[in-house]
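> Modelling step: build the complete structure from the supplied sequences, incorporating the hints.
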Amino acid sequence: MKKSVLFGALTVAGLAAGASAAATLDDVKARGKLNCGVTTGLVGFAAPDANGEWNGFDVAVCRAVAAAVLGDASAVEFIPTTGKTRFTALASGEIDMLARNTTWTFSRDVDLKFTFVGVNYYDGQGFMVPKALGVSSAKDLDGATVCIQTGTTTELNLADYFRKNNISYEPVPIETNAEAQQQYLAGACDVYTTDASGLAATRATFEAPGDHVLLPEIISKEPLGPLVRHGDDDWADVVRWTLNALIAAEELGISSANVAELASGTNNPEVNRILGTEGTLGEMLGLDAEWAKRAIMASGNYGEIFEKNIGEATPIGLARGLNAQWTDGGLIYSPPFR
Amino acid sequence: MSDTHAHSVSYVRDTMLPQSEPPAAQTGAIKWMRESLFSSVPYTILTLLALYVVYSLLAGFLPWLLGGVWTTANIRECREVLEGASGGCFSVLTERWNQLLFGIAYPQDGYWRPTLAFALLFVAAAPVLFSHLPRGLLVVTGLYPFIAFWLIWGGTIAVPVMALIGVVGGYLVYSRLVANSFAAGFFGGILAALLIWFIGGYITAPLEGVLALEAVASRNMGGFMLNMILGVVCVSLSLPLGIALALGRQSSLPIIKLICVVFIEFIRGVPLITLLFVANVVLAYFLPPGTNFDLILRVIIMITMFAAAYIAEVIRGGLAALPRGQYEAADSLGLDYAQAMRLIILPQALKISIPGIVNVAVGLFKDTTLVSIISMFDLVGMIRGPILASTDWNGVYWELWGFAALLFFVVCYGISQYSQWLERKLQTGH
Chain A
6 MKKSVLFGAL TVAGLAAGAS AAATLDDVKA RGKLNCGVTT GLVGFAAPDA NGEWNGFDVA
66 VCRAVAAAVL GDASAVEFIP TTGKTRFTAL ASGEIDMLAR NTTWTFSRDV DLKFTFVGVN
126 YYDGQGFMVP KALGVSSAKD LDGATVCIQT GTTTELNLAD YFRKNNISYE PVPIETNAEA
186 QQQYLAGACD VYTTDASGLA ATRATFEAPG DHVLLPEIIS KEPLGPLVRH GDDDWADVVR
246 WTLNALIAAE ELGISSANVA ELASGTNNPE VNRILGTEGT LGEMLGLDAE WAKRAIMASG
306 NYGEIFEKNI GEATPIGLAR GLNAQWTDGG LIYSPPFR
Chain B
64 MSDTHAHSVS YVRDTMLPQS EPPAAQTGAI KWMRESLFSS VPYTILTLLA LYVVYSLLAG
124 FLPWLLGGVW TTANIRECRE VLEGASGGCF SVLTERWNQL LFGIAYPQDG YWRPTLAFAL
184 LFVAAAPVLF SHLPRGLLVV TGLYPFIAFW LIWGGTIAVP VMALIGVVGG YLVYSRLVAN
244 SFAAGFFGGI LAALLIWFIG GYITAPLEGV LALEAVASRN MGGFMLNMIL GVVCVSLSLP
304 LGIALALGRQ SSLPIIKLIC VVFIEFIRGV PLITLLFVAN VVLAYFLPPG TNFDLILRVI
364 IMITMFAAAY IAEVIRGGLA ALPRGQYEAA DSLGLDYAQA MRLIILPQAL KISIPGIVNV
424 AVGLFKDTTL VSIISMFDLV GMIRGPILAS TDWNGVYWEL WGFAALLFFV VCYGISQYSQ
484 WLERKLQTGH
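Quick note, the sequences are listed as chains A and B, same order.
Each residue of the first sequence is one higher than the one before, starting from 6 at the first, in the working numbering.
Each residue of the second sequence is one higher than the one before, starting from 64 at the first, in the working numbering.
One-sided and incomplete, this derived list gives chain B residues near chain A with beta-carbon spacing under 8 angstroms:
no.: 1; residue: ARG142
no.: 2; residue: GLU158
no.: 3; residue: ARG159
no.: 4; residue: ILE167
no.: 5; residue: ASN343
no.: 6; residue: ILE436
no.: 7; residue: PHE440
no.: 8; residue: LEU451
no.: 9; residue: ASN457
Source of the hints: derived by calculation from the structure; they are not laboratory data.
Think of the CB as a built atom: it goes at the ideal place given N, C-alpha and C, for glycine as much as any other residue.
Have a look at this one:
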């Protein structure tokens, strides 16, 4: 087997080496498939179901881009990446874009040479306590024992927050999220703290999720968003405006249910421009006029994607919070389509 | 005679009593229990304590195992069905059975292919493992790598056939030239094989549809199948490589010795996970952009090198344990180096090394789970990633990890039992 695999690999290598490093958009179109990096599995954000079909909040972004560029939401090759392999996979060109709950930070953007094209989820560190504790705010947690993963930024954030509010706590160091669940349920700590979306997903696995509450305070900024390689601005624009189209669609009331109807023309010029019945936005991106319509049809607008994968109707049950449209007091905001 | 004492005793038995059973306390289970379990007060206390521990373990485990749920669609339904009673949520195993075995992306109507390859593995391995089987079966063993490759990866049969022709051609050239000099035969054989593959590349290209199975990309391999592929391929490749390295390390040619020592010491001094990261991450920077050097192949090369270095050291131990006289005896018989090694030294050295080699093989097989860290969906990666991350099964730990442990235990215990059988068979010390 070794020799035949080697043989095949060398052949493939020889063929592939002939292809020049053209623009990503052309590569994707020529390939007919979008290589999208996702996590190896995170509840609600990306996981394959029993048929091997990928679903989730981040996966929906990949599908929308594939629908916009290739006209087929299923023309995606999902490449699972771990926290350790994700950036190399993107930098080496193995994947065209990374949609893997990755926090937008200065060093990743500037030093690692990536371009974050937007934010699709505003996460942040939160607290979970048993309802029986009767606590309604993190400021009431004076003297509490807190389960916290060691060696992470969550640890530092926690220390800062408690010092700033002049209250004390007793840390219970733990290694992994699974261990944290066990410790917390066994009553080894009063509070468990990690990213709010992780807390919600953890709570969803409990036998009695209703007995635990997430406190309203969020004590750190973790803007998660898709990213692409530095230096290919055309491709970055395609991914950025596909995400913006999903966000704007929710704001303008375009959903997967009515997009076909609205695409025949409306009185709202911005809706018309997005859906391609007015203007030449698609052409400017190097796509056809109906790119955004297909992106929205792939899995719905931003709000629909949110509700289907992580929203309050799902077992994860995340509230929109910071991720509500700016018109509803959240931070989700798309620049205008004009 | 019976009258002798008639005046002094009233009764004399004049027939033998039939043999009776030994007293209950001196036989069977009761005797064993008295002697082994309750022979003294401390032993009795220990026995009772142990009984209590065993009972409480079983009392917890058996209801969980027997009361388990097998047919629900997600963990919440499991909990509804169980209503707080003790029981495992084994539905995850039935629902994700194919994913645990074959990964997420292997074509569903092609599951018979790796299964058939797995069944053939036993046929192919049998003549190597059991010397009393007919030698003709070795043909199957020789063909197996090509058949298995075709079955698992799919594509046209022309590619493995051409690879096979290359190997055969290389071997023919080797056997023609080796009479003159080993080096000429060795390099001539490799050259011939490469030439055949190079030409074969042009021949197989138009034969794409010939006896073609649906082609499956390497990144779509997963589940326990991936562990088995990596384990079987790496063990069978690292054994010859390890022997070569061990012999090379003892060579009197300084350059060969140096290469082998540096290779072994370097590889042994680096953790396997580092090598895997090199295979996955660092190589991507060195290869020309756009190159797609098969990931499984990269991983196989790294694990094989790692295992070969360890096996080389185990075999070196076997070689060192042979009395000097064996080497001298071989020389005095007029055997050349290759004959001496093949007929006298290696059979003995390998026999001594069996436990060590098996140890490395079992360790290697379990180490294949490390590929989950470089985002390959082997059995462990499958559980940690997709299954535990689905909203349906997040929180089902014991059932999944217990199943993984069971699969690995079965394989590793099988290897271990075989090696013990082999040691008894090769035992000549009596």
